[in-house]
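Enquirer: Go by the hints and put chain H with the ligands onto chain R.
Those sequence lines, one after another, are chains R and H.
Residues in the first sequence are numbered consecutively from 1, following my numbering.
Residues in the second sequence are numbered consecutively from 1001, following my numbering.
Hints listed in this document are in silico derivations from the structure and should not be mistaken for laboratory results.
A virtual CB, placed ideally from N, CA and C, is assigned to each residue, including glycine.
Computed beta-carbon distance windows for the label pairs:
| no. | chain 1 | residue 1 | chain 2 | residue 2 | range |
| --- | --- | --- | --- | --- | --- |
| 1 | H | ARG1251 | R | ASN99 | 58 to 64 Å |
| 2 | R | ALA238 | H | ILE1115 | 34 to 40 Å |
| 3 | H | ALA1075 | R | ASN99 | 44 to 50 Å |
| 4 | H | PRO1228 | R | ASN147 | 34 to 40 Å |
| 5 | R | THR72 | H | GLY1118 | 41 to 47 Å |
| 6 | R | ASN99 | H | ASP1176 | 54 to 60 Å |
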Amino acid sequence: MSRLTSLAAPVFGALSILLAWQFLLPLSGVPAYIAPTPTKILSVFFSQTELILSNFTPTAIEALAGFVFGNTAAVLFAIIFAYSKFIRQAYFPVVLFFNTIPILALSPIIILIFGLGMTTKIIIAAIICFFPTLVNMIRGLGSATHNEEELFHVLSANKFETFMRLHFPRSLPMLFSSLRIATATAVIGAIVGEWIGADKGLGALIIRATFNYQSDQLYAAIVAASFLSITLFAIVAAVEARVLRHHSQ
Amino acid sequence: MAGAAIEAQGLNIGYRNGAKTATVLSDVNLTVEQGEFLTILGPSGCGKSTLLRVVANLLEPLDGTISVLGESPAAIRKKRETGFVFQEATLLPWRTVRDNIRLPASVGGRLAKPIPKGRVNNLLGLLGLEGLGERYPSQLSGGQRQRVAIARALIDEPRILLMDEPFGALDEITRDRLNDELLSIWRATGTTILFVTHSIEEAVYLGQRIMVLGANPGRILNLHDLTPIKTADNTCRREDPAIVSEIAAQRALLAQAS
Ligand SMILES: Nc1ncnc2c1ncn2[C@@H]1O[C@H](COP(=O)(O)OP(=O)(O)OP(=O)(O)O)[C@@H](O)[C@H]1O
Ligand SMILES: [Mg+2]
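With the rest of the complex left out, here is chain R (with noise of 0.2 Å):
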């Protein structure tokens, strides 16, 4: 019964907001081309479906490749600056300045280096996956207890098995927290680069249709981002709760 409520609950909410959307938006005189009905967006997807697919695939391929190698660097650079103390003390406050500059006074510089393609809106996915991700995973990596530690010393373990065996496990819980929420904020820096110039992509669509009036397609591209995220998010949570399976205590 209560398993049955609490699928059925969310369901019921999200229904009911459709449904109200569906059926008394055009009865409160809001024009169509400001908020069109859900059966219109829908209808976006099976009449324009070329559309819709050759702009999700750029988006989808540079939130992708932006988060692999923003997460990958920045859990790389969190091992380097974890391990070394005066790397960390050397660079860590290079790194802490470069995260203050906003990420669209940046895009510019890496339009000029990279040009309007696909890699510099992977490069702005990256860079905006990397920050949050190399402080929770230098976190991690010193999230293991001192008996833990002690243990590691009393075994005389090296720096190598204690980073395998102890470290980087104990880093996991705290990494894949920040993945969770890199999987929003990389669809979210494709779609930001695709923005200040480029001629397919999610954010391209939205920035077109905006100007053109086509609010379904706006909608509808809206959808498909948000649908781009859930996914990643799935997909993040599913290896998670792989991996982290026995992690409680």
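Expert: For chain H with the ligands alone, coordinates are given in the frame of chain R:
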């Protein structure tokens, strides 16, 4: 085998913090024979854990000398002659019981000792963990976790076992049972055991000798032989009047110390 398990002379131990040193225990003179069961009592913060940490080479002494099995604590640590059991079981949650017990074989590079076939199963049996080898720590009770921690400490057959309030977090029934199991392991292996506890009953029940530490300044207050009130293999009954009055005497001594 000749020589004492632990020999300390004029030992001062404590913590260095930059230029400052904070002495915790001073002028420790102590000889622990091989195969002895020594229990350690003392008020909180008097330095019981610190003393074990020096023996385990987790901390360098401030001055004085200490030798373990005739060698430096560092050399003995590298030979895997010391096993350490903490108050919390300190199991790695992502490893099964079996893999937690085998952890010592997978770290320490060349120092790691290979584990003879069947040894893990023997330990599982010895500690009443049959059938639990493939479980994860989250699937165990507190008492079972502590048994796994003891099995891990025993896997290398250490000649010295250092136990820092290992049963402090367990209920009394479980603790009594583990006390008896520990005694039979001790009899079977001949390991030297240094056992820190807050429980006076436990200290008297387990030890051949009991050492009481005092605080401010930290020092050895009393070293007391319990063998006269026990049988030759260090057994006693908890309700034996001699044991009961010994507990009262130690309680009085400890009340003075704190
Ligand atoms: N890393 C440290 N640096 C500085 N001082 C410390 C450190 N660890 C412990 N101390 C101090 O050393 C003293 C002895 O600590 P220790 O942990 O050995 O006490 P203990 O006898 O084991 O106490 P308890 O029974 O509460 O476990 C305490 O006063 C404590 O504050
Ligand atoms: Mg202590």
